[in-house]
Each structure stands twice: as structure tokens, then as C-alpha cells.
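Spelled out from the first residue to the last, the chains are:
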Amino acid sequence: MTLPLTDPMLRLAFFIDLLLLIVAVLLWFEVMVLQSLRRYRERLDEESREYWRPLMVKALIESAKQRPPVILRRERMALLILWNRLHESVRGASIENLNRLGREADLDKLALRLLRSRRLKWRLLAIRTLGNLRERDAWSGLRKELYASQPTSVLAARALLQIDPEAALPSLIPLLCERDDWPVAQVGSFLREDEHGPLVCRHLEKALREAPAKYLPRLLRYVRSLDCADMTATLNRLLDTHNNPNIVVPCLRAFNDPVARTRVRGYLEHANWVVRMQAVATLGRLAEPEDERYLRECLADPNWWVRYRAAEALVDLPFAARDKLRRLAAEHPDKFARDMLARALAHAASV
Amino acid sequence: MSSADVIAVLQWFFLLYFIVLTTVYLLLNLSSFIAIRRYMQWRSVDVFPEIFSGLEPPVTVLVPAHNEARTIVASVYSLLQLEYREYEILVVNDGSSDDTLERLIGEFDLVAYPAAYWQGLPCETLKAAYRSKRYPNMRVLDKERGGKADALNAGINEARYPLFCSIDADSILQRDSLHRIVQPFLDDQRTVAAGGIVRIANGSVVQDGLLVDTRLPQGTLALIQVVEYLRAFLFGRMGWAPFNALLIISGTFGVFDRKKVIEAGGYRRDTVGEDMELVLRLHRLFRTRGEPYRITFVPDPVCWTEAPERWRVLADQRIRWQRGLSESLLSNLGLLGHYRSGVAGWVAFPFFLIFEWLGPLIEVLGYFFVVTGFAFGVLSASALAAFFILAIGSTMLLSVTALLLEEISFHTYQGRYAMLRLFAAAVLENLGYRQINSVWRVIGLWRSARGTPSQWGEMTRANTWRHRVDPDTRRSES
Chain A
1 MTLPLTDPML
11 RLAFFIDLLL
21 LIVAVLLWFE
31 VMVLQSLRRY
41 RERLDEESRE
51 YWRPLMVKAL
61 IESAKQRPPV
71 ILRRERMALL
81 ILWNRLHESV
91 RGASIENLNR
101 LGREADLDKL
111 ALRLLRSRRL
121 KWRLLAIRTL
131 GNLRERDAWS
141 GLRKELYASQ
151 PTSVLAARAL
161 LQIDPEAALP
171 SLIPLLCERD
181 DWPVAQVGSF
191 LREDEHGPLV
201 CRHLEKALRE
211 APAKYLPRLL
221 RYVRSLDCAD
231 MTATLNRLLD
241 THNNPNIVVP
251 CLRAFNDPVA
261 RTRVRGYLEH
271 ANWVVRMQAV
281 ATLGRLAEPE
291 DERYLRECLA
301 DPNWWVRYRA
311 AEALVDLPFA
321 ARDKLRRLAA
331 EHPDKFARDM
341 LARALAHAAS
351 V
Chain B
352 MSSADVIAVL
362 QWFFLLYFIV
372 LTTVYLLLNL
382 SSFIAIRRYM
392 QWRSVDVFPE
402 IFSGLEPPVT
412 VLVPAHNEAR
422 TIVASVYSLL
432 QLEYREYEIL
442 VVNDGSSDDT
452 LERLIGEFDL
462 VAYPAAYWQG
472 LPCETLKAAY
482 RSKRYPNMRV
492 LDKERGGKAD
502 ALNAGINEAR
512 YPLFCSIDAD
522 SILQRDSLHR
532 IVQPFLDDQR
542 TVAAGGIVRI
552 ANGSVVQDGL
562 LVDTRLPQGT
572 LALIQVVEYL
582 RAFLFGRMGW
592 APFNALLIIS
602 GTFGVFDRKK
612 VIEAGGYRRD
622 TVGEDMELVL
632 RLHRLFRTRG
642 EPYRITFVPD
652 PVCWTEAPER
662 WRVLADQRIR
672 WQRGLSESLL
682 SNLGLLGHYR
692 SGVAGWVAFP
702 FFLIFEWLGP
712 LIEVLGYFFV
722 VTGFAFGVLS
732 ASALAAFFIL
742 AIGSTMLLSV
752 TALLLEEISF
762 HTYQGRYAML
772 RLFAAAVLEN
782 LGYRQINSVW
792 RVIGLWRSAR
802 GTPSQWGEMT
812 RANTWRHRVD
822 PDTRRSES
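From first to last, the protein sequence lines are chains A and B.
Okay, so the first sequence: first residue is 1 according to this note's numbering, each after it adds one.
Okay, so the second sequence: first residue is 352 according to this note's numbering, each after it adds one.
Hint data in this document are derived by calculation from the structure and do not stem from the laboratory.
Don't take every hint at face value.
[To be verified] One-sided and incomplete, this derived list gives chain A residues near chain B with beta-carbon spacing under 10 Å:
1. K144
2. D181
3. G188
4. R338
The C-beta atom is built at its ideal place from N, Cα and C for all residues, glycine as well.
Chain B extracted, bound-state conformation:
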């Protein structure tokens, strides 16, 4: 095979890769479009009469917290304001070295109580359990450091209710978030897990710990992430849900059937992608058993989170996510191609392997190939241009379809120029951001392959939503 043949083969390979990737994403788009339209038709006509409200099952909201002294009090206050029939808040202090626990004890009037702890799922030693004298539905577990998954397992062990909701300490919910995300469990008793859309909180206004006004962030980096999240959730997740092939429920906000998760063995503690790994394992467990189940997605924007506004922090996050993806997929290969695994094992899993796991490597190699090929005169300027326009154009198209889905569904961003800004971000994303992201993901892949120990690292929070909780009035100060 001559070098010209090799170059031609590689060119065709990269061209086909982008075409196939874009086609599959567009099909996911179509699936999401149909699902979201149907869902919005129910919502727009207020389908269920008033008598159907108040039937929601009770939920334990698990809040794993490690060194969250700055934000934990505000987070708990926001959770206390949720409008839901019956729920409890269970904060799991995971070996914090700052004064997270002390702040909780002081603010919420906590007293120790005898735990009679059920150690069904593996976790580090529980040091003490506290209940609030002022808020009967709030408790705190204090334990040895074990990581987020470990903290969640401890919380699941101690949870009182049949459903639990996993949430990050800095997640911001809306008053009816729990009410919305629990609906799949009411609609279909086979439901074992449900996720919701996570949006970017940067630039929005939060009062008393709840989101009251949605705004786009000012910074370009955060604005680009808004578009990314829209893509990832509106069709990246919603597209798979109708086929019961949703492989990820974000750890930022998801609700699970406690009994089923215990049956599956809880969260794995040796991975940074514990959220995805659990969902994959639930699929594997129920599919291989041939037991009916459903893992689904609620397209409502139910949870808001702060996106990194610094490159260093963003890099750490993306490297960690790719590691988590790698660890989750490789430890659940039993789902791939199993004769009972259905769409989850025969379509979704290979898709994730090829386009999400290996995809960044193929993209980076593609960029490397065309740039060095051009530099050495092997590829023409037109070939270089064609490749880049293809890479940029396909992502732009996908971003715009996400904006279309956003407009036909929740049109969250109401400002006059909001869509214009998002469109500009969708274009800008492809002029460096996406490429750097691919490099970070390749680093994550490399570290996973080398077996470098996983760690969460520290998220530097800018807290650009303007709130502090006044301890006397417990009202926000803008």
C-alpha cells in the first residue's frame, strides 16, 4: 500500500466518522423531538387533574458533602423549601476537614441520636448521626472520608424512604423539582431510576437558595457550556430514554428506587464515574435477568449547577468525566451484545464506546493528521478546509437543533437576545473550545488506561448567583 493510499484511506475514515457521528446524533435528535413534543403536549394541557396530586411517594434527598462549609447551609435551606408532600434531607458529611459539620450543627440545632445503623451497602465507618430539633425532616450523618460514592452508600443505608434522590451539595433546585422528577415512578411502577435536565446556573438569580430568574452567563466559557449542556441533555439523554437505553443519570440530580439500588450493590467506590457506573449496572442486572424495568428521563429543567469559569477547573472536570466514562463502560462490558440487552446493549453501549469513549481520540488524531498533513504538503488547503468545516459544521448543526428543542420545550431563556447569544456561542464553541475539550478527554482516557488513581479534586466555586443567607432572617441578600 503506497503512502497515497494510506492518506486516502485515512481521509475517508475521518470523513465517514464525522458523517456517521452526525447522522446518529441527528437520529437521537429526532427521537428526542418526538418524545419532547409528546411530553410538552401533556404538560401544555395540564393533563392530570388536581386529584392526582399528593400521591407522590416519600423521598430521601441525599446530600454528600466534603468541605462544603461555604455553601452547605444555603444548600440545605434551599432543600427545606422544596414543595413536596413528604421528604427528608440526609446530609452525609464525608470526613470534611473544614467546619462543614460545625456549621450544620450550629445552624440547624442538631443533636446526636442513636443510629441503629443498617450496613447493607459498603461504606466507611459512621461516626455519629444527628437530627435537627428545628427541622424534623433533616438529619446529618458524620462519617470517615470515603469519597462521594461511599457517602451515597452510607446515605442509602440510613434512608427512611423507598426512593432516594442523589444531589450535589451545590445543586440548585426549583420548588417543584422533586415533584417533577418523581412523576415517572408514579406513571410506571417498573421505574427504577429517573434523571432530569441539569442547567447552568451561572448568571442566574437565586433567592433563598432557589432559582428565581434564569439568565445567561456573561462569561463566554460558561455560555459555551450552556450550549453543551443543552445538547447533552435535550437530545443526548432524551433521545435514548424512549428506548430504555439511557446510560447516564447525572449525579447532580437523579432519583432512584432504593431497594433496586441495594439489590444492584449500591455505588462503586473505586470510580469517579459512580453515577454512570450505577446506571449501567442497573441496566445489566435487569436486562440479564429478563426483569421488566425502566430507567427514564424527565425533560423538565429541574436542577441547576455552577459551571467552571476557569480553564484549569474545567480541564479537571472534563478529564474526570472521561475517566468516569471509561471506568463505567469497561466495568460493565457484560451489557455489550448480551442477547437480552436490547437497545441498551446493542445500540447505546456501542455508541458510547465508539463515539464518546474513543471518539475524542479519533477527533484529536483527525486534527493532528490534517494539520501535519497540510504542514508537510501531503494535504491540500482545500482538504484542510473541508475537514475543519465538516467538524465545525456538524457540531454547529447539532447545537442549533438543541436550541430548537429548547425553544419547542421549555424556552427557559427569555431575554430578547438570548437565542442570538446562544447561537454565537454555538459557533464559537467550535473555534478552539471543542478541540481543547477533545484533548482533555484524551488525557482522561490515557489516565484511565494507565490506572492513575482517580480523585475528585477541588471545584473552585465562583458563586456568581448573588445570594447569601442571612442567619437571622434566613432571607437572601442580593
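Chain A with its partners taken away, still in its complex shape:
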């Protein structure tokens, strides 16, 4: 029995077929149109860059003698990207000259307007520009962006810190604890920028004393990232009151003063192997000659990873004689220790 075309199912099928084919063809035309538009835009952007780059490079060296030309609408994107890239690759007086050029070209007004744009890329560019310009008028707008999603909020945090670090940090420090979507490495890098590190470390130290325990591991990662000085007393206090490896390990990692070695050595026999491993790594970093014997003892630790770190630490000690270590690798009573040290020595020889 065959179904005629009057059958509703068949008619539906043909209707859907027609729709699919029409949409497919229309989409393909859209692809071709987008391709042409893109090529046109790329050409325009390249022309903008070729026009503005010499002006900006000249501005790096000397103050402009006349007002820069008006920015055309179609030039905005390329210009802002170029200006920000240049800004972040120079230092000193060049930054001041570039900022002067930026203000004379009304980049500050443009960026303030773009901060309210609904399009993400314009807001991101605006935030970065306002931070680089140290534009105080953007303060309240940037503060709102602190609570947006990543990367908007991270860029806003950086911009606020660039404009006024003393005023920004009381807002930023709680966010360092709470925003687990903020990448520590990247945030740490801008916290160190422009020599803000010591100021940030002071605030971090205060936070370590006052923050709930659940935020401590994250805060300690920032302490390590900034390599904060004068933290030994605070870290010791934390170790006095916390036994949880989630806090002990980052505390050990954050030590950077050789004075802490005695405290660190106390963890070389901890029940948790991750703690022992971190203690070995930290001791290796801070070691004085008398610590060498402790690291040698760790070569015989029952855990592979502790032995591995101990071997690496020994080989990396600037004062450890290679001949002595080679003899140890041949003569150590523990076979696992011998193997591990031989491996570390072989690796060091290849570097």
C-alpha cells in the first residue's frame, strides 16, 4: 500500500525538507557575506594601525607638539588594542607620554562611554584602557564590574589597583578569598605590578589573621605568589593553631625566610606524605649546609614522592658537592634512595 502526497505525514516531511534546504542555502549566503565583511574590516583595521602606530611610537619618545587627529568610529577597536599593547610594553616616562597622547585623543572619554556598552569586547577594552590611564572618574563603574564574571572582574580588579591601590585593596582582599573563579597566577601577577607587592602583602597578612579557616589555603597561595617578606611570624602562628594538611601545606610552601628552617624540619616526619613532601621542597629551597643531612634522611622515606623531592632538593643545593652525592648514590644503604638519587643526578647532568 503506497502513501499519496496528500498524506499529512508526507506533507509535513516535505515541508520540513523545504525549510531545511532554504535555511541551509540562506545560511551559506550569510557565510559568504560575513566573509566579505570580515575581510573589509581587517583591511580597515590594518589601515588604522598603520596610521596610528607611528604617532604612538613618536609619543613614547617625546610629548606631542600638536593635538592628535580625531579618532574615527571605525578606528576605535584597532586603536584601543594598539594603545593598550604599547602601554603595557613600556615603562617610565614613555607611559606618561602615552597617557598624555591618550587623553589628548579623548581615549579617556571614549573608554568611559564604552564601559557602559552592552558588548563584552568593548567593556573589556574600556576597563583595560581606564586602568592604564589611571582614570579616577571610572572608579564607580569599575567597582561594579568587580562582581561580574571572569575575566571582566579580574580586569576590573587590576584597573582599580592601578588607579588607587590603597583605596582598592580593602575591596579586593575579601574577593581574593571568595572568588574561586579568579585564577591565582594571573591575579598574583597584577598584584605584584607597579611595586604594589609590599602593600598587598601587608593587607594579606591582616587577612590571614582575621579570615575564616576555609579561606586560608587560597590566601596562602597569594602569599606564595607574591613571595611576601616578613610573613614568618604569621605563618608560624597559623601552624600553631591548624593541623589540617590543607592549611599546613600552603603555609610550608609560603615560607621564604631561612629562619623558618627549624619549623619546617619539624614536618619532615609528619604522618601525611603530602606534608612531608612539601616540607622537603621548602627545606631544599631555604637550606643551609647543616640541613643537608635532613634531606639525605628523607631519601629513605617510604613514599616515592618524598624521596623524589628529597633527591631533587639535594641535587639543586648550591653547596652540595656532586662527587659526594655520586658517592652517596652508589653507597646509600637504602636501594630506593640510591635509585632516586642516581636518577636526579642523571637529570641534572642533562640540563
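Knowing the structure of chain A, use the given hints to seat chain B on it.
Quick look at chain B alone, frame taken from chain A:
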């Protein structure tokens, strides 16, 4: 129920199947479109300032190699040219019967070193470990044959760094591939795995082992696969990533958190779909534990691979992929419908079961039904036409949306007629290629059901990218 009723029910079933399949794919498209647009907005404005560079964690690049004597030296040289702050290359010679190891030893000045091997993940016996005297960040492990998954486990055991990157010996990367694919780990410390787009290298130009000029392949078979890969990656993967429901990271190029993979037990050695199986198991592990994690996807074209240009080789590949899919899904049924499994277990997993696992069988039965129905006069010519136009039209629409996504994102193929050729391939794909593919996938399903032993088989490489590495200059010869 009369035969007419049965025919009507079947017709409705197949019609609904295609409608639902197309609708779900279009929704995935929409998800990808939003995600890619957002990503491209970040990229287009160079979001992160210069100070954020150089923060990438070190990576061990694992290169499992079995009988790769022809290409292994070029592959390693290409990896040595990656622009990345700190990484090592760890080639795992998996019981090669050719002179893969000898070529490596000769070319890279390898010397044996004491391994002090940590056997955390199961793998076959390690015979020797070598380091290069000339390239400090290159090592080679020589082991008994155990298969790709086994080789990867051995590499994970020996890796020095917190992240590892799994790569095929014939994968071609770009200089900044590692830099791009590692970004999710920097952006979000919950990330345990990240994959990137794999593109077809056929027809492109490679110099010194790195891709320098992207071109479309000349052959129709490879050109059709370009469209397939665009579909599969641009929305097939990208669509799921925002929901943390990406179930596959290609073994051709993916980066993983070493500690988390060890916690999950490493790669399974008794499946040919070890890449998908691991990702499914990671989802299952973290979801059932209620632990926050992220498995994500970077839409950048980061890796290029050679597509088969012979039907026989293509058939083997597709049969193997379907087997891998089958084995991976069936061994991780615990994820399906688990109360904590979220979108991964409640949406993505059933989708894969119905439309990717069983889908080829339904399609082949559909073709069989309409063709035999027409032959026996049960179905009219118009019903036959309607079915075929629906099947062809839906895939064409999906392919064109993939071309649209390609244009709004990376517009990799720049030639004047590139889009025209891709559109033609998108049409041609449906005139036999797709149908044959479905048959191969059904064969893969059948072999999986029968429990026929899995094997990788041999990939015949045409190496249509024109390079050889001159041993004296180590420069390519076109």
C-alpha cells in the same frame, strides 16, 4: 495491528528521529555559537595584558609511538619548537618492531639513565629510559608492547610535571598550541582536562614540523572529512563544554591534570576508545563524589592530523571509533541518570547513547526500510524522496552551520573559493559518504556487541604535507 499501521508507525518513528536529532544538534549549535562568540570577543581584544603571560604551568607532552620510524623524528622536532615556558617531551616507545627507537637514539643523542620508576598506573614492563644529551627536555621510555593506553599510563607514571598532554605521534601542532590549550587551567583551577579543535592537515603546508599554511585537501574524501571535523568539533564538542558535559577529548591532543587522572586510575587498556573512556570516568568520579571540577574545550584550532584518503583505512578508523564509543559508554553507565550527574549524566550521556551509539543503526534501518519499502511498492516515490531529502537536508543544514561557526571564529581557510568547496563537500557528503559511514559504524557496534578483540590496526599515512627533515640542517625540504 495491520501492516499499514506498522508502516505508518515506522514512518513516523524515522521522521521523528531525524527531527529530534536535527533539533538537538541545532540547540548544540546555539550553545556553541554563544560560547564561541564570547571567546572570540576575548581574543579579538587581546583581553589579557602582557603581564599575564609566562604563568603557564609546566607540561609533559606524552608521545606514544608504535612503529613510527618514518615520522617520529619529524614529530619530535616539531614538538621541540613549541613556544612554551616550560615543558618536556616524553616519547614512549611501545614495543615497536621497526627501528623507531634506533632512529630516536641516533637523531637525538640519547643515553640511558636510571629510572627509579614509579609504577602508580598499570602498564607493561619498562625496558629502559633514555634522556637526550642535546635536548634537556626530551626523554624516551622503551617498554614492552601494551597498546596506546598502556603507553600513556607508562608516560603518566614517569611524567615530571603536574599537567600532561596526550598527543598522537603524527599530530601536528602550531607553535602556540600548548599555550592556548593550557589557558583553561590558568583561568580556573578546577579544570582537570581540556581539549582543543583537531583539524585536517591534508593539503596544508608544514615546515620544520609545524603548520605554516592552511589549505584544503585536493581529494574529495579528505575534503568531506574537513566538513565532518568542523561539525564534530565546532558544535559537537563546543556545544557541550559550557555545561561541563563534554564527554570526549580527542586523544590526538588533550591536556590533563596528572594527579586527577592517576586518582581516576589512568587509561583503560582494554578498549580502543581510551580517550573517551577516561573523560567519562573523570566525569563519573567527580560527579558522584560531588567534587567541583571542569572538563572544557578550547575552540582554537590547536592540532592538525592526517585524515585517511583511502576507503579501507577510513573504514577501519570509523569502525574502531564506534567500538571505542560503545565500550566507553557501556563501561560508564553509572554516570547515566545518577542524581549528581547533572547535564553530563542526564542530557549528554543519553544523547550519546541514542544518537551516536544507536543512531547509526536507526539510520541504516531507516534507509533499509524506505528502500525495500519502495522496491516492494509499500512506500510511494514521494515517501522515499521525503525521507532522503530529510536525511540529506538535515545534515547539510548542520554542516552549513558549522561553516558559519568557522567563519565567525577562526576562518582558517582563507582561499577565495574555500567556502565554496566546503559547501560542495557538505552537499556531496550526503550522497553516499554519510550512508557508508553509518554502515561502518553499525559494523563497529556489532563487533563491540560480539566482543571481537579490539585492535588499532595500521594507519597508512600519505603524508601529503610536503616536508622531510634534513638531518644536517633540520630544515624542511619541500
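For each hint, the structure was consulted:
1. Given hint, K144/A at the interface with chain B, is violated; its Cβ is 19 Å from that chain's nearest Cβ, farther than 10 Å.
2. With its C-beta approaching chain B no nearer than about 6 Å, D181/A sits inside the 10 Å limit, and its interface hint holds.
3. Against a cut-off of 10 Å between C-beta atoms, the interface hint on G188/A holds, since the closest Cβ of chain B lies about 8 Å away.
4. Taken as an interface hint, R338/A checks out: its beta carbon lies about 9 Å from the nearest beta carbon of chain B, inside 10 Å.
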